[in-house]
Amino acid sequence: MKYADEYRDKELAMGLARAIRAKAESGKAYRFMEFCGGHTHAIARYGLEDMLPDNVRMIHGPGCPVCVLPAGRIDMAIALAERSEVVLCVYGDLMRVPGSRGSSLLRAKARGADVRMVYSTLDAIALAEQNPGREVVFFAIGFETTTPPTAVMVRLADKKQLANFSVFCNHVLTPPAMRAILDSENPVEIDGFVGPAHVSTVIGTAPYEPFARDDGKPVVIAGFEPLDMMQAILMLIEQVNDGRHEVENQYRRAVTGSGNRRAIDEMAEIFELRDQFEWRGLGSIPSSALKLRPAFAHLDAELRFAMSELVVADNPACECPAILRGVKKPVDCRLFGNACTPETPVGSCMVSSEGACAAHWTYGRFRDHQRRLAS
Amino acid sequence: MTMHQRQLDLRSGCVDLSHGAGGRAMAQLISGLFHEAFGNGWLARGNDQSAFDVAAGRMVMTTDGYVVSPLFFPGGDIGSLAVHGTVNDIAMAGARPLYLSASFIIEEGFRFADLKRIADSMGEAARAAGVPIITGDTKVVERGKADGVFISTAGVGVLPDGLDLSADKARPGDRVLLSGSLGDHGVAIMSKRQNLTFDTEIVSDSASLHGLVADMVAAGGHGLRLMRDPTRGGLAATMNEIAQQSNLGFRLQEDAIPVKPAVAAACELLGLDPLNVANEGKLIAVVSPDVAGAVLAAMKAHPLGRDAADIGEAVADDHRFVQMATSFGGGRIVDWLSGEQLPRIC
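Line order of the protein sequences matches chains A and B.
Mapping the first sequence onto full-length UniProt numbering, position 344 (from 1) lands on 344, and the numbers just tick up by one.
Mapping the second sequence onto full-length UniProt numbering, position 187 (from 1) lands on 187, and the numbers just tick up by one.
Bear in mind the hints are in silico, worked out from the structure with no lab data behind them.
All residues carry an ideal CB built from backbone N, CA and C; glycine is no exception.
Watch out, some of these pointers could steer you wrong.
As the list claims (entries may be wrong) - List of simulated lysine-lysine pairs, DSSO-like, C-alpha gap at most 30 Å:
(1) Lys329/A with Lys10/A
(2) Lys109/A with Lys160/A
(3) Lys300/B with Lys169/B
(4) Lys139/B with Lys109/A
(5) Lys116/B with Lys169/B
(6) Lys139/B with Lys169/B
(7) Lys160/A with Lys192/B
(8) Lys109/A with Lys116/B
(9) Lys10/A with Lys192/B
(10) Lys291/A with Lys159/A
(11) Lys192/B with Lys145/B
(12) Lys23/A with Lys291/A
(13) Lys109/A with Lys192/B
(14) Lys139/B with Lys192/B
(15) Lys329/A with Lys23/A
Stated by the list, open to error - Simulated restraints, written as ranges between beta carbons of each label pair:
(16) Lys159/A with Arg24/B: 55 to 65 Å
(17) Phe198/B with Gly102/A: 50 to 60 Å
(18) Gly133/A with Met26/B: 29 to 39 Å
(19) Met14/A with Asp137/B: 54 to 64 Å
Next comes chain A alone, as it looks inside the complex:
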């Protein structure tokens, strides 16, 4: 398959694996956080762990939009969907995210709430046009990757003067999350970041400069294909060995230094920063999320339906917060594989296929057994 198989070539992978083994100095630990859930998924799906030496460890970061959405925001969406006049449009993998007390949009749908799975923002616009007697709300979620399509949708809805359409905005930003990880109490030891891929196609590489310059953490922006990951890991090892801490761009076929100007400008015109936003696992982070600007307040579901912010406590036994900060691994959680599986997710890391727990459960748990046997 053109433009996919080329990045999954076994011979090239073996070559990179040999280079990584040659460069990784014995007695030295290399701990790299892959920020994106897409990277976590690729590591698990292609079995990259098997190809890295023991002293190169990947730490799963919080870059899965589903995983970082707190239960309170899901409860707010469920309450909205249960209003008889509302049709709530969501992306597929939000359906199973647990709210409080085992609730989810999938269960709300089974009880009669009108929740529709959509594949694009334009589907939501079309639904609003087809159902003039209903209030169609789009549940917007995601990092900078999915924000421009929401911005385009808001602009279009405004232009069309759609009176029955609004957006429940949950868009969050990458750099504040990376900052929160580095500044958290008892942070995990990180020697470098594999930087976001699709996010960086929008915002470019420049926003990561402070982490390299001020925090001394090398950052390599990498694509989601397994060869991208392997090459990025090698580039990080080389930076660590050389004592460098720079932002490097492995994903040059898609990412530029300044990003996509048009997308950035469009986002700036439609959205503004929220003062605070609650992240699952990372707590409340200032200036880390977006809301609609006052000019588009008529399309803001939180205002239109007078939604009040809900903050609910996560299951105290769930280790998602520590896993999202890279402090713990999925197997460190006593719920993992018992109460919490992809069929019965307790924490958000088990919901999305990009979540650290779901990725390990779905693709990698045989290694736990192998390790037990080895020890």
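Could you slot chain B onto chain A? The hints should help.
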């Protein structure tokens, strides 16, 4: 005295509640549309059931429901699918399918033209398979209470003497054979789903596999341990099901598993794994290593097994993991699909 009966308006008419009420309209629908399409002596006798001779050997019986959306898709429709699916369930026992039943639940307002198209396709599939539909039932429900039409089929078949395929017969070292490329049916269906329409040349692999199975049984005999058709949940679900029932693990080779480039591309786009995508004309066989070569050769010699491949082996494993060596050089589990296969956000 012959009652005057108005002809069904097959071009622009539609099913209404009277067609399920047990009166003349219903009789007219059954004889004018279904009997016409399925055409055979058993149905022509007009009884509530059909009598047939029982062949020597063990009988096999199965039943299945079809609720596919959309009803018509590239390479097939709900009618032919209902025949192929039930024939295959019988065939996976190694049995020769003999007869089918068909039960229709039709939504008020469903167009006669579409119903005829479905019934004709079903009749054609049954004739091609040599497995007549010899009894049936028709119900009509109010508008909104069914998604156009639902079909239930049951089938009976006869098993050759001594053949007993079952997951508990699998042993470590057995080979896993797959009859062809994965995911064609699921991708063909998805390409026509509302909100997800995309152009593809992929057509459903929907087909009756009993001919292929007969050749495999002839080549492998008692070396055949079990067969399954990887329908919903795809290869991943089927292999995990076999692992649970056989109390074994499996080691598969990703390189050996055939997936068409267009299917792989569609799955990439949607964030799906071809191993989880449905098939309707493929089978998996677990066979003892000493007959694996002969069975694989028999599969390759049959038109429905042209792309057959040996994709892995059974291993002793208390955890019953289905593992796969990735084509990239690493290892991973092939797990059940969790819930519905949902596209990722980004």
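Hint by hint, here is what the structure shows:
This hinted pair checks out: lysine 329/A and lysine 10/A have alpha carbons roughly 28 Å apart, not beyond 30 Å. Distance restraint check for lysine 109/A and lysine 160/A: the Cα-Cα separation of roughly 29 Å lies within the 30 Å cut-off, and the hinted pair is therefore satisfied. Using a Cα cut-off of 30 Å, the hinted pair lysine 300/B and lysine 169/B holds, with the two alpha carbons roughly 24 Å apart. Taking the CA atoms of lysine 139/B and lysine 109/A, the gap is about 28 Å. The hint holds against a cut of 30 Å.
The hinted pair formed by lysine 116/B and lysine 169/B fails the criterion: a straight-line CA distance of about 44 Å is larger than 30 Å. A distance of roughly 42 Å separates the Cα atoms of lysine 139/B and lysine 169/B; the hinted pair therefore is violated under the 30 Å criterion. This hinted pair checks out: lysine 160/A and lysine 192/B have alpha carbons roughly 28 Å apart, not beyond 30 Å. With a C-alpha separation of about 34 Å, the suggested pair lysine 109/A and lysine 116/B falls outside the 30 Å cut-off, and the hint is violated.
Between lysine 10/A and lysine 192/B the alpha-carbon distance is near 34 Å, which puts this suggested pair outside the 30 Å criterion. The hinted pair formed by lysine 291/A and lysine 159/A meets the criterion: a straight-line CA distance of about 19 Å does not exceed 30 Å. The straight-line distance between the Cα atoms of lysine 192/B and lysine 145/B is roughly 22 Å, inside the 30 Å bound, and the hint therefore holds. Straight-line distance between C-alpha atoms of lysine 23/A and lysine 291/A comes to about 45 Å, which puts the hinted pair past the 30 Å bound.
For the proposed pair lysine 109/A and lysine 192/B, the alpha carbon gap of about 24 Å is at most 30 Å, so the pair holds. The suggested pairing of lysine 139/B with lysine 192/B holds, with an alpha-carbon distance near 27 Å, which does not exceed 30 Å. Our distance criterion of 30 Å between C-alpha atoms is met by lysine 329/A and lysine 23/A, whose separation comes to about 26 Å. At about 57 Å, the CB distance of lysine 159/A to arginine 24/B agrees with the hint of 55 to 65 Å.
The hinted window of 50 to 60 Å between phenylalanine 198/B and glycine 102/A is violated, with their beta carbons roughly 36 Å apart. Between glycine 133/A and methionine 26/B the Cβ separation comes to about 37 Å, which falls inside the hinted range of 29 to 39 Å. One distance hint, 54 to 64 Å for the beta-carbon pair methionine 14/A and aspartate 137/B, holds here, with the actual separation near 60 Å.
Checked against the numbered hints above, the structure violates hints 5, 6, 8, 9, 12, 17; every other hint is satisfied.
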